[in-house]
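2 protein chains.
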Amino acid sequence: MSKRTEIATLGEFGLIDHLTQRIQLKNATSIKGVGDDAAVLDYKDKQTLVTTDLLLEGIHFNLMYCPLKHLGYKAAVVNFSDIYAMNGTPKQITVSLGISKRFSVEDLESFYDGLQLACDIYGVDIVGGDTSASLTGMAISITCIGEAEKEKVVYRSGAKETDLICVSGDLGAAYMGLQLLERERQLFKGEKEFTPDFSGKEYILERQLKPEARKDIVEQLALAGIVPTAMIDVSDGLSSELLHISKQSNTGCRIYEERIPIDYQTAAMAEQFNMNLVTTALNGGEDYELLFTVPLTCHDKVSEMKGVKVIGHVTNASLGNYMVTRDGNEIELIAQGWNSLKE
Amino acid sequence: MSKRTEIATLGEFGLIDHLTQRIQLKNATSIKGVGDDAAVLDYKDKQTLVTTDLLLEGIHFNLMYCPLKHLGYKAAVVNFSDIYAMNGTPKQITVSLGISKRFSVEDLESFYDGLQLACDIYGVDIVGGDTSASLTGMAISITCIGEAEKEKVVYRSGAKETDLICVSGDLGAAYMGLQLLERERQLFKGEKEFTPDFSGKEYILERQLKPEARKDIVEQLALAGIVPTAMIDVSDGLSSELLHISKQSNTGCRIYEERIPIDYQTAAMAEQFNMNLVTTALNGGEDYELLFTVPLTCHDKVSEMKGVKVIGHVTNASLGNYMVTRDGNEIELIAQGWNSLKE
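Order-wise, the sequence lines are chains A and B.
If you're matching positions, the first sequence starts at 1 in the UniProt record's numbering and goes up one per residue.
If you're matching positions, the second sequence starts at 1 in the UniProt record's numbering and goes up one per residue.
Please keep in mind that the hints were generated in silico from the structure rather than gathered at the bench.
Hints are supplied without guarantee of correctness; some may be wrong.
Repeated chains share a single entry, so a pair holds when one copy, or any two copies, can fit it.
[Unchecked claim] Below, a list of computed lysine-lysine pairs in the DSBU-like style, where the Cα atoms sit at most 35 angstroms apart: (1) 306 with 32; (2) 210 with 189; (3) 160 with 26; (4) 201 with 69; (5) 160 with 309; (6) 247 with 69.
None of these values were measured; they are calculated from a predicted model.
Construct the entire structure; sequences and hints are all you get.
Okay, structure coming up:
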């Protein structure tokens, strides 16, 4: 059995010191990190981007199948994704944790290992946070601060008629990964010796458990000299994010079913589960891909970009938001979003 | 009975729109607030301060005696206090909420009313956040961003031997307010018609339920041309905060029992509860006063400042951290801090 050190042996200040002692600041903009009343940053002439996420056990993650190291990694990355979606670069995070006695010091070390790994890969500093007791489940709140040049910040509101709609990577995989994990968890119930069958499904599992943010896409756009007219990250599903852009840009859209990028593992899994593949890709969520619009003149440039697909175009608002199916029908896009409070 | 609108009638996006629609940005540094992947701020040549706090129901607050409007006010103010403790000015907050079905839309409106009131009084913008379901209690995570001129940021680490130790306001009142509320809650149990007896105890209740951050002290210091050598806000108790300054400044301290500012309501309540008054003032916590050190040459200036008291001086680290009692004995200062995880 692995080592278990009770949190009580360290106490509050001891625990924070223990978890944060290995942190080394690497960004020139991080003037002062953990250990004072506030972190101090210096962004000089760049603009500051701030985003925050609250993750609660049982709602956003299930520790039955989400290892704490992966959870730490994912919790950081989903915040980086929001900064990239502004065409910015994440630079710092603060991390607040609510934890109960059932967690050991080693558990929290694993969580911090995941956080730190993500921060090392994406070049981000952990500059502050708060650790406190929780009466029930684990609560994780991360705030990410990033920078962008003033003229290069991309909002959701800048899409124009005739702009091309582009998306990175592929969609629906993380959602199918979650369905698979849930199925295995149900099967596992009551069985002592159970080995879940994950072979050939590694990609969709990784998309669910250890997603990446599209730093590479933001870098490619910069290299190509493209500043998108609008951008958002796909966290609630393609459909929902398209509607955000349309609403805030006062535009409409047409996307083409045949252009929506879907991995074969996602398709195979949807078939096994007897689920509609396109619905999965439109509404699955947790893809953390970038959805953006560019002027028509950028067509050749974006077509050449690795991992980017043109899936449709921006229209006048009066034309609504539709997906054109393979057989030429038009289906209206609807936001599914999150509705945990309805259940 | 007051109106109760179920959150489910609005849905996620509807709820966020509803709660944030009245928000108007007032600071020139707030470029873009709620409604995109991240908020956009522009601090130009000033440094950026970031602090964050996670408040969990049952640990940090009890809705039995803490009205939601007060909770919203307090949740904002305790973060402002951290920014003032860096000698900065709070400018923006992001607010993440985890809520269960037992809360109505009206409940959340009350919470936001409290937040907004605090933001109006202190000149702060709400620029982002996240609202999600919670399986159990309420979770509140607030991140506050503020600014300071580069040369005027005050850390915990700058105290020097012979510096004067100053504290604002008075100590121990919030803690005694909490004791009173807890007593009345115990008495209330099982009783249908119960009117708690709070007359003559308004000050300690207000200190607990609706604390203020010491904006005025930071302004007075600026007017007097004083940049403290070290500063911290008193959230975990005077004793604990003095030890933070000593540890980070590599110094020691002597404070004088007779100099510790205590309100008469605090003293009366401690007497009723048969509690040691000085222990209460040293370890009570949640005072949100400012504890700071200034060079000896500032003696006359700080002595004249309203609401500031000199309580001791900084010594060489080898002399340790002690309180000199009224009868001339020396008692070593110990950090009590938070130890909810020990229970």
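Comparing the hints with the structure gives:
In this assembly of identical chains, the alpha carbons of residue 306 and residue 32 lie at most 35 angstroms apart only when taken from different copies (31 angstroms versus 38 angstroms within one copy). Proximity of residue 210 and residue 189 under a CA criterion of 35 angstroms is satisfied intra-copy only: 24 angstroms inside one chain copy versus 48 angstroms between copies. Taking CA atoms no more than 35 angstroms apart as the test, residue 160 paired with residue 26 passes between copies only; the shortest distance there is 29 angstroms, against 39 angstroms inside one copy. Only within a single protomer do residue 201 and residue 69 lie at most 35 angstroms apart by alpha-carbon distance; the minimum there is 20 angstroms, versus 49 angstroms between protomers.
Taking the shortest alpha-carbon separations for residue 160 and residue 309, only the intra-copy value of 18 angstroms comes in at or below 35 angstroms, while the best inter-copy value is 61 angstroms. For a Cα distance limit of 35 angstroms, the shortest separation of residue 247 from residue 69 across copies, 32 angstroms, qualifies, whereas the shortest one inside one copy, 37 angstroms, does not.
Of the numbered hints stated above, none is contradicted by the structure.
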